[in-house]
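Top line first, the protein sequences correspond to chains A and B. Counting in the working numbering, the first sequence runs from 33 upward without gaps. Counting in the working numbering, the second sequence runs from 4 upward without gaps.
Quick caveat, the hints were computed from the structure, so don't treat them as lab data. Beta carbons: idealized from backbone N, C-alpha and C, even for Gly. Treat the hints with caution; some may be incorrect.
Only pairs whose alpha carbons sit at most 27 Å apart, straight line, appear in this in silico DSS-like list of lysine-lysine [to be verified]:
hint	chain 1	residue 1	chain 2	residue 2
1	B	K364	B	K393
2	A	K150	B	K631
3	A	K146	A	K175
4	B	K597	B	K734
5	B	K163	B	K195
6	B	K484	B	K261
7	A	K175	B	K395
8	B	K395	B	K364
9	A	K175	B	K199
10	B	K743	B	K631
11	A	K175	B	K484
12	B	K163	B	K261
To give a feel for the contact side, a few chain B residues facing chain A, derived at Cβ under 7 Å [said to hold, decoys possible]:
hint	residue
13	G198
14	G202
15	P252
16	N328
17	S649
18	N653
Here's a subset of chain B near chain A, in silico, CB distances under 7 Å, partners left out [said to hold, decoys possible]:
hint	residue
19	G72
20	A129
21	P214
22	R287
23	L290
24	S353
25	G404
26	I660
27	Q687
28	V703
29	Q707
30	P708
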Amino acid sequence: MSTYTLNVNGKDRAVEVEADTPLLWALRDTLGLVGTKFGCGLGQCGACTIHLDGVATRACVLPVAAIGRQKITTIEGLDAKHQHPLQRAWQELDVPQCGYCQSGQIMSACSLLKQHPKPTDAQIDDAMAGNLCRCATYMRIRKGIHRAAEIAASEGKQA
Amino acid sequence: MSQAPASLSRRSFLRNSAGGALLIGMSAQGVLAAGARAASPAPGFVPNAFIRIARDGSVTLTSKQPEIGQGIKTSLPMVIAEELDVDWHHVRVVQGDLNLEAYGSQGAGGSNSTPNNYENFRRLGATARAVLVQAAAQTWRVAPGECTTDGGAVLHAASKRRLAYGALVDAAARLPLPEAATVALKNPASFKLLGKRIGGVDNPAIVSGQPLFGIDIQLPGMLHAQYIKCPVPGGSPLSANLDEVRALPGVRDAFIVKGTANLNGLRPGVAIVATSTWNAIRARRALKVEWDDGPGAKHSWADFTAQARKISRQPGTTMLRRDGNVDVALTGAAKTVEAAYSYPFISHASMEPQNCTAWIKPDGALELWAPTQNPNAGQALVSDTCGIAKEKITMHIIRSGGGFGRRLSSDFIVEATAIAQQMKDKAPVKLTWTREDDLQHDHFRPGGFHFLRGGVDAQGRAVAWHNHFVTFANRVSQDGKTSLRNGSGGSLSPDEFPGRWLANCQLEQTALECSVPMGPWRAPGSCVFAWVFHSFIDELAHAAGRDPLAFRLELLGDQDLMPPTVERGQPYNVARMRAVLQTAAAKAGWGKRKFARGQGQGIAFHFSHRGYVAQVAEVTVSQDGQVKVDRVVVASDVGPTIINLSGAENQVEGSVIDGLSTLMFPALDIENGRIVQSNFHDYQLLRIGDAPAQIEMHFVKSDQPVTGLGEPPLPPLAPAVCNAIFAATGKRVRELPLSKVDLSWS
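Build out the structure end to end from the sequences listed, making use of the hints.
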């Protein structure tokens, strides 16, 4: 076991784990940040999406030893008051069904909006292709991203 | 699962509320504080196990049903809130634990939660409201009939007085409860909340990543388990390198669990218990097990297919229906069609893999945190298998990351318990299945084969229908005897449409024995029968040169109600089906639009789980055979009231896309008794780019009981899309999934 200092949601956190431990399990089991979900363990479903230096990344295939000083953002730290335009849009449009994949969906959508503040449906479909939703809330995910873009634009902020 | 909440009477209320404190209905995180809460009950009006109104006017409603994404934790409390007449934003909803005595039935299956509880829940709210009105009337010394309620307050218009519920709770708590049956319910026309779009009560926690799901449970000192079963269901471990595994980092223990022969129960396996999920997963990679594969190892999908084809030429082992004489009718028919349809085994693949946390206390009591659809069955299986008395089992029902029928089974619950029983230091254990476990050890939707013959007469009317359905069965032991039991959804009802409608109809069934565990998958039976039968009806319509809608309307006939012909069968309300069919067709512009080659419309309908649904799908098939669903028009009749319009629309959209996903992609191969696919790379599900461009929903209101919507909108999707593909390309899809079918055209 080794101790790694991870920068999670703006704070340095020490985790004592084996070097091959995926970030997903360090977040969930060691730090108690369970918003990042386990879906496949292969980077196939996107339920574990977090940001690494602002870039959407699959935490289930990212060993803790490979992270270094890169900044980790999880769903819990996306916005201090959980009022990110995507979080508001998701509630306004009642996007979730079971809700399990939605933290990953929101983290991927956030990356998309940074690149394309006003995305087209095609850009959404492209950017969100790595995030499965078994309940198939895809119609509302599309709407939710458009709505978040609208909220961000109306407030003159970047989503 | 249809018993009423037992809590409407004053007597049971007193029994359940144990001196004023509601002992049930707390979150997993609150469980440890239960004792403290019981000792100092908060003041308030607690008319039954579902409602608590505090002095500050806040309303706490308990949701008794498991929440699996169907929205029941929001919709049933809305029913209470409507009749109680409180503002929704003053309501807090908490999840109840398993407690049948307090709550009545607690299971999420068969789209039953709504129909089985809707009227009772109205009465729960109305009864509490009546007491609050009486309390206000006594305070003001006026007749209760002069008082009205609105937004959590009683009003007396004549004297312009108003008392908030919070100010009435002490007076109300002293009054007797009226008989629920005597309490007046609202006129649905005056509903303020029901029919509106209300967001899910857990949405704030979902979008901010708060602990919510079974897999999120964390307890002090908790250990993490993996459970490794034989790749061939029915097999068991002979030996394993347990000493080597025990020496790996973070591993606390590794042991063989003997298990039982029940394919849906505690299957034999090897448990690894470690200090973290990853330590357990890593250790499992070093595990070497010698398995006794058992008799299931000889099975393969290719072999099942060959057997089914052979059987199709023989009489079925069960004659389900034999009306008239299909052979004579087919001989006399103007046109006949013969076709074989088949579909594979598939998995539920809920996004949250199966998991459960179990804690055996020093006194032998068991506490369970289970993302389950069927807590009562889980408790019973654990009790029977692990020898723990039911009254020593506390079952917390935790939100599930998807259900689709998978969590009606309780294998993961009994596994977690069996592992926890081995913990020498009485540590709580969370068992987490990997995706590979989840996909390869599901209780699968059975595959099936239908060998159909049909005929139409010179006027283009359907005159004969013959189906030999080859399905799957497991061998089960009961009372020392073994017998074959068909998989869930693997039995055809003699009354399934168009049985009952045709003078010459013969339905036969034969089951192939297999060791693949099977279980209910969203709209069991219906999810595949609708595809087969409405595809074949389409084949007959085209053979007759008829419009597929007109052909179907004629087939449904003029009779408004078709009585059942089997014991415990259901009447089929033809008038309701006709209405949704005509609505879907009209809204989609059926027959009024011209489509270019490669584009087309298809239509289908299906009755299941008390709901009547018709759909029209519009597709574009590219010349190289890629299918895009452009639009789906859905007409549903689930009664006069839609409880939560947002939730209902979610269920329809979700069902449509789930239906489409299942049509297009997933299939499991079986080789040497093993499931070949292992994760989402080789078990594909629909992703956002393949979702339809547009789904249009219409709710047809009928004067019938309010019923559920988690399943009925799924079955018609697949045949509607396949019928549209035929219209677009002339190609008939008779084998699933679509991704394996060549749909190219020139």
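Going down the list of hints, with the structure as the test:
1. K364(B) - K393(B): 15 Å, holds
2. K150(A) - K631(B): 25 Å, holds
3. K146(A) - K175(A): With Cα atoms ~17 Å apart, K146(A) and K175(A) stay inside 27 Å; holds.
4. K597(B) - K734(B): Holds - the C-alpha atoms of K734(B) and K597(B) are around 19 Å apart, at most 27 Å.
5. K163(B) - K195(B): 22 Å, holds
6. K484(B) - K261(B): 21 Å, holds
7. K175(A) - K395(B): Given that 27 Å is the threshold and the Cα spacing comes to 48 Å, the pair is violated.
8. K395(B) - K364(B): 10 Å, holds
9. K175(A) - K199(B): 19 Å, holds
10. K743(B) - K631(B): 15 Å, holds
11. K175(A) - K484(B): Outside the cut-off at roughly 56 Å; violated.
12. K163(B) - K261(B): 72 Å, violated
13. G198: 15 Å, violated
14. G202: With a minimum Cβ separation of about 4 Å from chain A (threshold 7 Å), the hint on G202(B) holds.
15. P252: Status holds, d = 6 Å.
16. N328: 45 Å, violated
17. S649: 4 Å, holds
18. N653: 5 Å, holds
19. G72: With a minimum Cβ separation of about 3 Å from chain A (threshold 7 Å), the hint on G72(B) holds.
20. A129: Since the shortest Cβ distance to chain A is 27 Å, the answer is violated.
21. P214: Holds - the Cβ of P214(B) comes within 7 Å of chain A, reaching about 5 Å at its closest.
22. R287: 12 Å, violated
23. L290: Violated - the Cβ of L290(B) stays beyond 7 Å from chain A, reaching only about 16 Å at its closest.
24. S353: 6 Å, holds
25. G404: G404(B) check passes; min Cβ-Cβ to chain A is 3 Å, inside 7 Å.
26. I660: 3 Å, holds
27. Q687: 10 Å, violated
28. V703: It is violated, given that the least Cβ distance between V703(B) and chain A is near 21 Å, above 7 Å.
29. Q707: Since the shortest Cβ distance to chain A is 26 Å, the answer is violated.
30. P708: 24 Å, violated
The structure fails to meet hints 7, 11, 12, 13, 16, 20, 22, 23, 27, 28, 29 and 30 from the earlier list, while all remaining hints are met.
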